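Trainee: The primary structure of each chain is shown beneath.
There are 2 protein chains.
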Amino acid sequence: MRAILVTLMVGSILMASAAAEARQLNLMPMPAAVQMQAGQLVIDPAFSVGISGHSDAQLQRTVERFLDDLRRETGMPPLDMKVMNAAQATLVVHCEHESNAVQELGEDESYSLEINTAGAKLEATTTLGIMRGLQTFLQLVQTASNGFAVPAITIQDKPRFQWRGLMIDVGRHFIPLDVLKRNLDGMAAVKLNVFHWHLSENQGFRVESKKFPKLTEMGSDGLYYTQEEVRDLIAYAHDRGIRVVPEFDMPGHSTAWFIGYPELASGPGPYQIERKWGVFDPAMDPAQERTYKFLDAFIGEMAKLFPDQYFHIGGDEVNGKQWDANPQIQAFMRAHGLKTNRDLQAYFNTRVQKIVSKHGKTMVGWDEILRPDLPKDIVVQSWRGQDSLAAAARQGYRGILSYGYYLDLMWPASRHYAVDPLNDGAANLTAEEKQRILGGEACMWSEYVSPENIDSRIWPRTAAIAERLWSPQDVTDVNSMYQRLEYVSRWLDWLGLTHNSSYEPMLRRIADSNDISALQTFTDVVEPVKDYTREEIATVEATSLSPLNRVIDAVRPESDTARHFADLVDALMGGHADSKAKQEVRTLLILWRDNQANLQALETQSFLLREIVPLSQDLSAVAATGLQALDYLDRGERAPDAWATQQFALLAEAQKPKAQLLLMIVPSVQKLVEASSGQKPLPPQK
Amino acid sequence: MRAILVTLMVGSILMASAAAEARQLNLMPMPAAVQMQAGQLVIDPAFSVGISGHSDAQLQRTVERFLDDLRRETGMPPLDMKVMNAAQATLVVHCEHESNAVQELGEDESYSLEINTAGAKLEATTTLGIMRGLQTFLQLVQTASNGFAVPAITIQDKPRFQWRGLMIDVGRHFIPLDVLKRNLDGMAAVKLNVFHWHLSENQGFRVESKKFPKLTEMGSDGLYYTQEEVRDLIAYAHDRGIRVVPEFDMPGHSTAWFIGYPELASGPGPYQIERKWGVFDPAMDPAQERTYKFLDAFIGEMAKLFPDQYFHIGGDEVNGKQWDANPQIQAFMRAHGLKTNRDLQAYFNTRVQKIVSKHGKTMVGWDEILRPDLPKDIVVQSWRGQDSLAAAARQGYRGILSYGYYLDLMWPASRHYAVDPLNDGAANLTAEEKQRILGGEACMWSEYVSPENIDSRIWPRTAAIAERLWSPQDVTDVNSMYQRLEYVSRWLDWLGLTHNSSYEPMLRRIADSNDISALQTFTDVVEPVKDYTREEIATVEATSLSPLNRVIDAVRPESDTARHFADLVDALMGGHADSKAKQEVRTLLILWRDNQANLQALETQSFLLREIVPLSQDLSAVAATGLQALDYLDRGERAPDAWATQQFALLAEAQKPKAQLLLMIVPSVQKLVEASSGQKPLPPQK
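Residue numbers (our numbering), protein chains in the order written: chain A, 88 to 773; chain B, 88 to 773.
To be clear, the hints were calculated from the coordinates, so they are not data collected in a lab. Here the structure is a predicted model, which means the values were calculated and not measured. Careful: at least some of the hints might be erroneous.
In this list, chains with the same sequence are indistinguishable; a pair is considered to hold if it fits within one copy or across any two.
Claimed, not checked - In silico DSS-like cross-links for lysine-lysine, where the CA-CA straight-line distance does not exceed 30 Å:
#1 K169 <-> K408
#2 K758 <-> K408
#3 K169 <-> K297
#4 K169 <-> K301
#5 K169 <-> K363
#6 K268 <-> K169
#7 K667 <-> K426
#8 K521 <-> K463
#9 K298 <-> K363
#10 K617 <-> K391
Build the full structure now, drawing on both the sequences and the hints.
Mentor: The following block contains the structure:
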């Protein structure tokens, strides 16, 4: 599932009235039903929470954590805001019974929240719904003119999909436990409920096995989680209403297993931990019984360690070369009537499925595993798209969508937001078939992330995906999404996520200076190249040994500044820009035009800056072009054709990636040039 | 030791040549001897460290932590930069023997570091010196034009004082363990070696006692450290070459003890945890044997928990009211010939000292404990100043200075930096007496700090104090200090300290907006009122229940922007401002003049902003005055007397604290008005 994705579904439907009413609220994901009331409930140091109805330790921890978050949000000391008896409490939390000891797929997450000027009541069937409702409450807190407050409001809420996940690949780059935990906090804040832990890769095996200790001793560079740490993370996730689904990718993506256990492989060893990125030859040997014996013991051990019902076996991207080259495997295929490597992998999957099932688990795998001989209870995770998902659903298989949610492709939030598990090929499914589409997962493949920048690749974009998976299907207003996303992004700061705070320190390292204003002016309008272009145009092959300290590693996947500039230019093009907007277009262009002169001083002192010199020069040149176009427009004079031709050539050049970066203001300046040269004349301006 | 400090010693001596040479290096504290060489040593992924000579687990952890820091600083992955055998390593670390299992006062911390273009060697007697030298190495890393590098250099270094501490008061506001840990990381980075843990106060008792569980059960609001956590913190500190000295303040500052154990007190109970700030009546009963029996058992328990040789018993600020009111205590005093409460406290201290000594520890206390009948091995911590310290030294007592290092007084770094334990009253001591001045401690009293803003009160100013205590006495150049402080401050970001990163989130909360540019323009040029003025001018009494979310809690103790502006204006006054500096003065004044208009929009929406409206208006008015003065100066025209009189009145008004904040640009604008009105004419400008 690492291949290039091609098509893109873009949908934009008007928001439903409930959502539209709540637009000024900074809620994300948008609840199913929101009704604003008059007035507000003050949140002051006397604020308290009471538990009525069922109570247990998990619920109490949930309420304590809510108060910690609320104190952090408002700056109250730990002595303020207490848990007290429900009769006197400001916020009464009522749930009917405890949630399951092991969280289950489809467990009730619904809640209702009623806030009036005297108090608030949050009701849910189980603690899970309370968790979701308390996150909504936190997002409602505003700094009003007379103190902190939440608006009077009635909310009825429940998720659209039951499987709303984030996958993190800790195989290619190891991600420490504390980084995962803060991301679990982020997931809980936007009501995601599955952490899919991609635990083994060619580049590393990341979980301690007591039965097969050489997996980590030889296959992890010492970078792995002990079983105690795994249990700790699972408990942490469970307390936040998040299931933990482990993935051990097989039979491919498995080089790291073979260093300690070469007898598992289909080709002769010895093996080494892979340092490069890509699809590699090593694969497990499906023709040997000892492979299944190993997997039976290993999966048995891991099935005990990971309590979740679902167990992901990967199953993607086997290139088959080791199978082709192994005479015993070829003989085995002939003996069993397996014509192709796909058949052989299907045989392997069937065997593995029986093992997974024997240990009480339900198997999950990527698209490739799907073959009619597998039982109907398996789940297919699709990186191919809704058509593939729909085909599986028609055959009776359940599926989750990851196509369109690959965070490493550096797409803007709006593009992820437009992908809906039930659109496209899935739109025509019967109601029963649609039930089999369980939801989706954002995927953070980790070739280019480190503990330092992983948060900035996951957040805030994942919040938009979370909304897609939780909120009603008709919540699709992109402007509203971006407005609320900005608030959610800043709310995530309070939870310790570093997607905002790591930016400037990384720029300071690059600049070797505390004065990064010129560098930031530049980095604010560039983005990393998209899809797999980073690998395709690399001049030096990146490996797991490459420092991730370049400009491309620091810049955000999506430039808010460029998007804002595009909005201004579009307003200008549409004839509805006010004088302030017009002035801002000019101010920004002047800033960018003059920036290269400021950046030059830094460029000589740091090797990390050298590669951006050409693009920084482009920024100045493009901005100068934009200013000239503006001048023509302001004078009401048509720009000469020769000038326009020259500028289009310049813009075409500036459009090309440099240092694997894209200059995001080019399309907007292109529009200015087109307008000034009469190719797309401006409408009358107000 | 919470009274108002009056005098201030300001010294400024030219830097010695070694220090001057190294000025462009961002080292803090400045080493004892630095010699630059030609060339540099490249730091790339192949960089490695080897241990020659003695090795042990602590040294290995030290080297691993160094590599972690170096990777974080440079953005290298964990697979890069390894420990390998010394023959091939880039940096060879050599120490002769292990450091003590319990770090001792005066233990050798010296090291020598030699870096040439081929490699580096760090030598020290023990692991302690290696720790110090590795911090120096990290501070030497620069982003050069051809990669990361450290300059070729020879450094011989050792501390001037053996006791270089930071005290954190966790009694008034509880400070969680992780916040303490990141501050220990900061301490290690600037070579501090004593964490003085102020663990009990009227407002809270913070350490679990197995013998007296009601101390925390009833006296902590549930906010305390378990013994396991204490051991964890001590181990963490020990690994960083930091001693942990516990303080249990007695007989005063002890209300929190009495809630569970009222029989210890001199007055009738019942007691409650104190919520207010100040000096209160409750004090232990020195006339009852049961008090000493309790303390014997308690100190015995704590003496085992805290391995350090030194044990701080506080001993400050007993107001004596409970003693005066207790007939039994009065009778006891008469029976023992104790004439004053001071005598009674001395009796108490003598008894406590015997208990401390019986449990193998050396007693430390604040100034007040000093009485000639105490044995000479006790240590006096002076909040009164060098005279008091010198008097103790003359009597044969050892002492540490905290006068001048109170971080809660919101002084600029330069003012702390100017305080030297061996100046003033201590300057005339004999060499032998000077030996008794062990060093000093920065003190973070916690009435107005929370986990959110404590780092910004401690850092970066404590780095300047750390330099005072480590570096040669003649390292006193304030400009150099500020230049280096800025770099150290940013280096501390990498260690997870939040003094820089917490600023903007706090402003966003105050503004209830993500657009905080106008607010920050304002907060960048204000400072909290100094000394104890915050309490003195408070309109609402602050308590431990007060939220610390106001503008005063977010703004920095020292405005870098105002200091920079003052430098520019001074350059202008001195006739050595270039045209760029002149332009910058004008640009800043325009920004400030126009800021109130921008801030106004926010002011209506957030109650936390309302209190700053008058000061924000002052900022605009003062800046307008500055611009008018500049205009007169530019035109070479003398400003009319009437205008000047009016402006001086305006400036005098703007100088007054508002919302407990000070507008820090006023003195500089005052200078501009004086110059423009001919009161202090400008010299010829260049």
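Trainee: Hint by hint, note whether the structure agrees.
Mentor: To see whether the hints hold, each was checked on the structure:
1. In this assembly of identical chains, the alpha carbons of K169 and K408 never lie at most 30 Å apart, being 63 Å within a copy and 35 Å across copies at closest.
2. For the homomeric pair K758 and K408, neither the shortest alpha-carbon distance inside one copy (50 Å) nor that between copies (80 Å) is at most 30 Å.
3. When the C-alpha separation of K169 and K297 is checked against a cutoff of 30 Å, the pair qualifies only between copies, where the shortest distance is 27 Å, while the shortest distance within a copy is 44 Å.
4. Taking the shortest alpha-carbon separations for K169 and K301, only the inter-copy value of 21 Å comes in at or below 30 Å, while the best intra-copy value is 50 Å.
5. When the C-alpha separation of K169 and K363 is checked against a cutoff of 30 Å, the pair qualifies only between copies, where the shortest distance is 19 Å, while the shortest distance within a copy is 53 Å.
6. For the identical chains of this complex, K268 and K169 are neighbours both inside a copy (25 Å) and across copies (27 Å), given an alpha-carbon limit of 30 Å.
7. Taking the shortest alpha-carbon separations for K667 and K426, neither the intra-copy value of 69 Å nor the inter-copy value of 78 Å comes in at or below 30 Å.
8. Proximity of K521 to K463 under the C-alpha cut-off of 30 Å is restricted to the intra-copy arrangement: shortest distance 15 Å within a copy versus 84 Å between copies.
9. Taking the shortest alpha-carbon separations for K298 and K363, only the intra-copy value of 28 Å comes in at or below 30 Å, while the best inter-copy value is 59 Å.
10. Taking the closest pair of Cα atoms, K617 and K391 never come within 30 Å of each other, the shortest separation being 40 Å inside a single copy and 60 Å across copies.
In terms of the numbered hints stated before, the structure departs from hints 1, 2, 7 and 10, listed from lowest to highest.
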